[in-house]
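Novice: From first to last, the protein sequence lines are chains A and B.
Start counting the first sequence at 1; every next residue gets the next number (my numbering).
Start counting the second sequence at 1; every next residue gets the next number (my numbering).
Derived from the structure by calculation, the hints contain no laboratory data.
Treat the hints with care, as some may be off.
[As the list claims (entries may be wrong)] FRET-style restraints, in silico, Cβ to Cβ:
id, chain 1, residue 1, chain 2, residue 2, range
1, A, Ala63, B, Gly60, 40 to 46 Å
2, B, Gly242, A, Asp45, 40 to 46 Å
3, B, Thr464, A, Asp45, 25 to 31 Å
4, A, Ile64, B, Leu482, 32 to 38 Å
5, B, Leu485, A, Trp88, 46 to 52 Å
[Stated by the list, open to error] Lysine to aspartate or glutamate pairs mimicking EDC-like chemistry, simulated, CA-CA at most 16 Å apart:
id, chain 1, residue 1, chain 2, residue 2
6, B, Lys287, A, Glu117
7, A, Lys74, B, Glu504
8, A, Lys158, B, Asp458
9, B, Lys287, B, Asp238
[Unchecked claim] Footprint (simulated), chain A over chain B, 3 or more residues, beta carbon under 8 Å:
id, region
10, 321–328
11, 343–356
12, 371–381
Ideal Cβ placement from N, Cα and C applies to all residues, glycine included.
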Amino acid sequence: MRFLVSGLARWVVLFVGFFGAGSVYAEYGVNFPEPASGSAQEIYDIHMMTMRVSTLLLVIVFAIVFYSLYFHRKSRGYKADQKFHDTWFGHWSWIIVPTLVLGVDLTIANNANAVLEKVWVVPDDKELMDVKVTGHQWWWEFDYLDHGVKVESRYVPKEDSGDLYLREVDNRLVLPVGTNIRFLHTSADVLHAFWVPELAVKKDAIPGYVTETWVEITREGVFRGQCAELCGTWHARMPIVVEAVPKEQFLAWIDERNAAKAAAAAEASADKTWTMEELMAKGEELYNTKCGACHQVTGIGLPPAFPPLKGSAIATGPIDAHLDIVIKGQPGTAMMAWGGLNDLEIAAIVTYERNAWGNNTGDLVQPADVKQHR
Amino acid sequence: MSTYAAEHHHDDHVPTGWRRWVFSTNHKDIGTLYLLFALCMLFLGGASAMLIRAELFQPGIQLLHPDLYNNLVTNHALIMIFGAVMPAAAGLANWMIPLMIGAPDMALPRMNNLSFWILPAAATMLILSFVVPFFPGGGSQINTGWTLYPPLSLQVGMSMDFLIFAIHLLGISSVLASINIIVTLFNMRAPGMTLMQMPMFCWTWLVTAFLLILVVPVLAGGVTMLLFDRHFGTSFFDAAGGGDPVLFQHLFWFFGHPEVYVLLLPSIGVLAHVIPTFSRKPLFGYKSMVGSMLAVATIGMVVWAHHQYTIGMSLGAVTYFMIGTIIISIPVGLMIFNFIATMWRGSMTFETPMLFAVAIILMFTFGGLSGVMLAVVPADMQYHDSMFVVAHFHYVLMPGAVFGLFAGVFYWLPKWTGHMYDEVLAKWFFWINVIGFNITFFPQHFLGLAGMPRRIVDYNVMFTEFNVVSSIGAIIFGLSHLLLLYIVIKTIRGGKKADAKVWEGAHGLEWHLDSPPAFHSWSTAPKAIELTDTYEKPQ
Numbered sequence: 001m002r003f004l005v006s007g008l009a010r011w012v013v014l015f016v017g018f019f020g021a022g023s024v025y026a027e028y029g030v031n032f033p034e035p036a037s038g039s040a041q042e043i044y045d046i047h048m049m050t051m052r053v054s055t056l057l058l059v060i061v062f063a064i065v066f067y068s069l070y071f072h073r074k075s076r077g078y079k080a081d082q083k084f085h086d087t088w089f090g091h092w093s094w095i096i097v098p099t100l101v102l103g104v105d106l107t108i109a110n111n112a113n114a115v116l117e118k119v120w121v122v123p124d125d126k127e128l129m130d131v132k133v134t135g136h137q138w139w140w141e142f143d144y145l146d147h148g149v150k151v152e153s154r155y156v157p158k159e160d161s162g163d164l165y166l167r168e169v170d171n172r173l174v175l176p177v178g179t180n181i182r183f184l185h186t187s188a189d190v191l192h193a194f195w196v197p198e199l200a201v202k203k204d205a206i207p208g209y210v211t212e213t214w215v216e217i218t219r220e221g222v223f224r225g226q227c228a229e230l231c232g233t234w235h236a237r238m239p240i241v242v243e244a245v246p247k248e249q250f251l252a253w254i255d256e257r258n259a260a261k262a263a264a265a266a267e268a269s270a271d272k273t274w275t276m277e278e279l280m281a282k283g284e285e286l287y288n289t290k291c292g293a294c295h296q297v298t299g300i301g302l303p304p305a306f307p308p309l310k311g312s313a314i315a316t317g318p319i320d321a322h323l324d325i326v327i328k329g330q331p332g333t334a335m336m337a338w339g340g341l342n343d344l345e346i347a348a349i350v351t352y353e354r355n356a357w358g359n360n361t362g363d364l365v366q367p368a369d370v371k372q373h374r
Numbered sequence: 001m002s003t004y005a006a007e008h009h010h011d012d013h014v015p016t017g018w019r020r021w022v023f024s025t026n027h028k029d030i031g032t033l034y035l036l037f038a039l040c041m042l043f044l045g046g047a048s049a050m051l052i053r054a055e056l057f058q059p060g061i062q063l064l065h066p067d068l069y070n071n072l073v074t075n076h077a078l079i080m081i082f083g084a085v086m087p088a089a090a091g092l093a094n095w096m097i098p099l100m101i102g103a104p105d106m107a108l109p110r111m112n113n114l115s116f117w118i119l120p121a122a123a124t125m126l127i128l129s130f131v132v133p134f135f136p137g138g139g140s141q142i143n144t145g146w147t148l149y150p151p152l153s154l155q156v157g158m159s160m161d162f163l164i165f166a167i168h169l170l171g172i173s174s175v176l177a178s179i180n181i182i183v184t185l186f187n188m189r190a191p192g193m194t195l196m197q198m199p200m201f202c203w204t205w206l207v208t209a210f211l212l213i214l215v216v217p218v219l220a221g222g223v224t225m226l227l228f229d230r231h232f233g234t235s236f237f238d239a240a241g242g243g244d245p246v247l248f249q250h251l252f253w254f255f256g257h258p259e260v261y262v263l264l265l266p267s268i269g270v271l272a273h274v275i276p277t278f279s280r281k282p283l284f285g286y287k288s289m290v291g292s293m294l295a296v297a298t299i300g301m302v303v304w305a306h307h308q309y310t311i312g313m314s315l316g317a318v319t320y321f322m323i324g325t326i327i328i329s330i331p332v333g334l335m336i337f338n339f340i341a342t343m344w345r346g347s348m349t350f351e352t353p354m355l356f357a358v359a360i361i362l363m364f365t366f367g368g369l370s371g372v373m374l375a376v377v378p379a380d381m382q383y384h385d386s387m388f389v390v391a392h393f394h395y396v397l398m399p400g401a402v403f404g405l406f407a408g409v410f411y412w413l414p415k416w417t418g419h420m421y422d423e424v425l426a427k428w429f430f431w432i433n434v435i436g437f438n439i440t441f442f443p444q445h446f447l448g449l450a451g452m453p454r455r456i457v458d459y460n461v462m463f464t465e466f467n468v469v470s471s472i473g474a475i476i477f478g479l480s481h482l483l484l485l486y487i488v489i490k491t492i493r494g495g496k497k498a499d500a501k502v503w504e505g506a507h508g509l510e511w512h513l514d515s516p517p518a519f520h521s522w523s524t525a526p527k528a529i530e531l532t533d534t535y536e537k538p539q
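Next comes chain A alone, as it looks inside the complex:
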């Protein structure tokens, strides 16, 4: 009942708010969130414009229909006017009505067109920061092409995210404000769509295509969105979290990521021989985040698209074939190439897959083996 009442209250607020200021309904979650970019503001304005025009037309149509329903009824003794279609109005309405509708259409199309040109075409006369956004089943990869930084962004399970479940990720998409950012969208497997309502960016990620959008973020903040194109089992678990920060902070964050990457690379290339325990521990963590969505944490997969690894021919067969499929992927299937990982990470994952869930091959794959295999 509480829900019903608050729901009804929100409808009332929305209807009252149609002609009011934009910020009124933002807090009620019944309209777009407050825009955080110039194009989002323009889109918000065109949305409100068409909604107001539509509401006005709706009120006019409802008024005419209800007038007629009340007055032109038999129970009030109203006699049907059999000659109504023979009046001047009856003869000319077929041209009058379309002309009026055309007028409304042109008003909307004209306003929409002006906005469309601004938001649709990426400005080529300005300096752009490129971020390649790749959709995967079921996580996002953000590649800062100008800074050499890659971020893998995955949903956070309910235990750790609480009320932000399905709106929180482990690694956020950090972006500077006041910069022209171009997103290049593509996909590694099936269709996805990148959608952050505050930025009013939505574009499909299509394998084999690179589509582009652009945005200039106008305020700092954390903006949450999610994948908008059905992409299979865990479509609901592909949140996107944008953290908009000042430029200096963004550059500091980039430096931090680069330093972390260098440290990991150094660890991987060190001539160290790893023990089974170390590799299994590292491997479990990496497997669960990077491979677990498809092949499942339990290794049983989601057949037939995502085969099980538990007891599989690959994970218990020759090590070379196993390394091949992990590094190069399997063309024609959803299995992507993981060659971008460093030798230590691949060694840990392969070792883990060959020894977990009863695949007790006893094989220990060292980073040196991976290096040699490449």
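Given the coordinates of chain A, work out where chain B should sit on it, guided by the hints.
Specialist: Just chain B, lined up with the frame of chain A:
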């Protein structure tokens, strides 16, 4: 003509038992079969919808595995569109077109039998596609939605193949039925009835049939290419093999958008009879109705890509599709205007068919206006693939297609059965149905604007409240159809005897036949006096 009928009086016997239905070539029996089939499918599709809303009642995954959830989403759409709405409209066409144009039967009665009996086979395939994954080795569920976009549809197991063949069968059935209707309307009209004197329901079906013949083969081609990609190593839709995943979307929506008008137009035809009858006044603007219908069909064929604004088309392409889509509001607006003008200065009464008609005018206008909002490309960057779209198309398809069919069923049920339906119960059905519908779908507009994507099995707590309201509405809305079932059964079994002219304000040839009409009707052509009794000429 009359001598011909007299010579064939031995044909007047009514076959009995199962042979009557399985071997039927009688348009009335086949119409009944279509309608009963559609009613079964309505309940199947409705049950899947209620499961979807039950899962979305609260955040979290309570009832359904995500794949099963999306399989239900897929099945709900396909069953409702191909199983419920199109066969129900074909049932009305089979029953009413020969009665309305004074023809003894459909032009191709044996093909009529075939086009119906393909449907149960197709439905079996469709249901198998849903059931197969539950068996060992049955592969994964169809988790793609009814749009079947590759590459996701390439990942699905063998149930996708069942679905592809089901779509082929459904397509063959529709094309055969369409051919039959076109041939009937062109060749079987009573002597003296020109095309521009045809009852409006016949006009709407003529346009619908042409639309179906034009677009269904495109879908068949698209899913065949999908089948080849899945099994024969082609790569029509696989970028890695030089194919194009977006091509499938174009093929699908080249069919899918005109399909919207296929669902809508027969119901517009029903309205064009219901509203004049209960307003006691001829249909306003017969010629402009015909013209706007042809315009809708023509423009509707060339605006398909507004379903794909986010695929990254060029500025020129999206501008064209945006303006084309907005322009459709002109002929559709004219149709709605004509209906309102028919009511205007009428002498209205509000029996159940008329109640549905009024609800359609109001709610379809609402859904049409949110459609104009969706057509605006920059704003669609936000609406696209959100719950706003779900709310929009249910506001167009429920009133525009299903309520129109309900209106038609209540309008002609006394003619078919010879019994009046229970008006009090029917009015209860109307109010519960319409209120339940609005509680279900109105809140979904807000969910979409606030950022909830469609086709997700689980959602963040911020979307809880409107989902709760929506699911409560869905329970009311879904269960209300049991009342419809009860009313229909009750009317078939008995009730107040219906006159030949059931409704005071009704005009047209069908009201000159008994209720129910004889097994073979209009075996002699209607007389001139009967022909002049049309909606177009005030009495």
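Novice: Now look at each hint and say whether the structure bears it out.
Specialist: Now for the hints, and whether the structure bears them out:
1. A/Ala63 - B/Gly60: 40 to 46 Å: holds (44 Å)
2. B/Gly242 - A/Asp45: 40 to 46 Å: holds (43 Å)
3. B/Thr464 - A/Asp45: 25 to 31 Å: Roughly 29 Å apart at Cβ, these two residues keep to the hinted range, so it holds.
4. A/Ile64 - B/Leu482: 32 to 38 Å: holds (35 Å)
5. B/Leu485 - A/Trp88: 46 to 52 Å: holds (49 Å)
6. B/Lys287 - A/Glu117: The given pair, whose Cα atoms are some 39 Å apart, is violated under the 16 Å limit.
7. A/Lys74 - B/Glu504: holds (12 Å)
8. A/Lys158 - B/Asp458: holds (12 Å)
9. B/Lys287 - B/Asp238: Status violated; Cα separation ~48 Å.
10. 321–328: With 4 residues in contact (Cβ-Cβ under 8 Å with chain A), the coverage given for the region 321–328 of chain B holds.
11. 343–356: holds (count 8)
12. 371–381: holds (count 7)
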